[in-house]
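Enquirer: In case you want the letters, here they are:
Protein chains: 2
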Amino acid sequence: MNDIYQMMSTLRAVRRLRSDPIPDDVLDRVLQAAAWAPTGGNMQPWRVVVVRSAERKQALADVYRPAWYSYAKGYDARIEALPSEEAEKARRNRIAGDYLADHIQEAPVILMFVADPKMMAITDAKLDRISMVGGGSVYTAIQNAMLAARTEGLGCVLTTLHCLAEDEVKAALQIPEGWATLGMVPLGYPIGKGHGPISRQPASILAYDDVFGAVWR
Amino acid sequence: MNDIYQMMSTLRAVRRLRSDPIPDDVLDRVLQAAAWAPTGGNMQPWRVVVVRSAERKQALADVYRPAWYSYAKGYDARIEALPSEEAEKARRNRIAGDYLADHIQEAPVILMFVADPKMMAITDAKLDRISMVGGGSVYTAIQNAMLAARTEGLGCVLTTLHCLAEDEVKAALQIPEGWATLGMVPLGYPIGKGHGPISRQPASILAYDDVFGAVWR
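Chain order of the listed sequences is G and E.
Using the working numbering, the first residue of the first sequence is number 81, and each one after it goes up by one.
Using the working numbering, the first residue of the second sequence is number 81, and each one after it goes up by one.
In case anyone wonders, no lab produced these hints; they're calculated from the structure.
Hints should not be assumed to be uniformly reliable.
A pair holds if it fits inside one copy or across any two, identical chains being indistinguishable in the list.
Once the Cα atoms are required to be at most 25 Å apart in a straight line, the calculated SDA-like pairs of lysine to any residue come out as [what the hints assert, rightly or not]:
id: 1; residue 1: LYS169; residue 2: ALA134
id: 2; residue 1: LYS198; residue 2: GLY177
id: 3; residue 1: LYS198; residue 2: ASN173
id: 4; residue 1: LYS153; residue 2: GLU248
id: 5; residue 1: LYS250; residue 2: PHE292
id: 6; residue 1: LYS198; residue 2: GLU246
id: 7; residue 1: LYS206; residue 2: GLY276
id: 8; residue 1: LYS169; residue 2: GLN86
id: 9; residue 1: LYS250; residue 2: ALA201
id: 10; residue 1: LYS198; residue 2: ILE210
id: 11; residue 1: LYS206; residue 2: ARG109
id: 12; residue 1: LYS206; residue 2: ASP156
id: 13; residue 1: LYS206; residue 2: TRP259
id: 14; residue 1: LYS198; residue 2: GLU166
id: 15; residue 1: LYS169; residue 2: TYR179
id: 16; residue 1: LYS198; residue 2: ARG297
id: 17; residue 1: LYS169; residue 2: ASN122
id: 18; residue 1: LYS169; residue 2: THR119
id: 19; residue 1: LYS206; residue 2: ASP105
id: 20; residue 1: LYS250; residue 2: ILE210
id: 21; residue 1: LYS169; residue 2: PRO277
id: 22; residue 1: LYS250; residue 2: ALA134
id: 23; residue 1: LYS153; residue 2: ALA201
id: 24; residue 1: LYS206; residue 2: ASN122
id: 25; residue 1: LYS206; residue 2: GLU257
id: 26; residue 1: LYS198; residue 2: TRP296
id: 27; residue 1: LYS169; residue 2: ARG145
The task is simple: from the sequences and hints, build the whole structure.
Expert: Quick look at the structure:
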């Protein structure tokens, strides 16, 4: 019934969420799914703040809305460069994104995933490129949570735009110094049909055979 | 049959892998699962090199083995500070880790996930802390691949220790300049019983109620 491949292949970004509450047992299953995820050295260096009060959801909305509209300007520029069918899809996503930015505080729950880099061995910290490996012990958990949300019939979407005003987010949720915010996931039952088909490049494009660039199969 | 919660709750690190080949259809399902994962702006900024040749698996082993034994020194120091039951478990993990380091080239497949930061909007790049958000469009895919591996009866484990010698990894797999290596996942059928119960802190410890630090339920 909860076939894992079906869940993965229909986990799309759902940006129109009803304000109806999420039953405790449903929410607990989503959080438990996150807790099962593997982390480096099994340190579980992340925590998730389950934001449900109107006041704090509004504080997150006040950060998210301007961040979205600022990001969307660059998005619009990219749309113009796309082939017409893709451009149409991108315009629909822009409208859905605007909806989320205007209504995110109405979601019954906003998950804020935070992590303490001092609990991680960040192996690419000293390389001559931007570090990304710290996310390896957090986004595994976020993906589990989103797959569980989809399994429970909840809509959700992962955004990191709140990082553009991380200090405000940390102040609103009393996140201590030294902790970082890695992912914001509004959760709620979908207004429309919610999850369904997704547009992705297939594995045949994303996988390479033995060396980078070598066509897979 | 492939119940998603059962897969998540039994996805443990499997470090002893048989050298038996992985059938094409099984491997393709693992790669397709990765391809379904959400990414920022649906950009899918990652690729995966499916390493199967003896020569290139050996090149990765030559990077991984010294990185593991170097990392393990710090791990041993931490073990001594643990309560005795946990210390016992940690010592077993150390032995399994040594096994992987000595035999990783025998795995039929090693997945190397790479990504191009130029294809990402890394929202925490300018913050006064180490950046971690770039991983958000890659580890979602890696988690999908590992869940699929577990579903297919394959053992696997995610490691980032290869980053300690990223230049050598990139040379061996012909990874272009500008691309980063984010995760190495050896894949193969387990020598022992493979996946099974996992030790994790529960959601009641990892989740907070509305503000950081507030006990959940």
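Enquirer: Could you tell me which of the numbered hints above are not met by this structure, giving the numbers in increasing order?
Expert: 1, 7, 11, 16, 19
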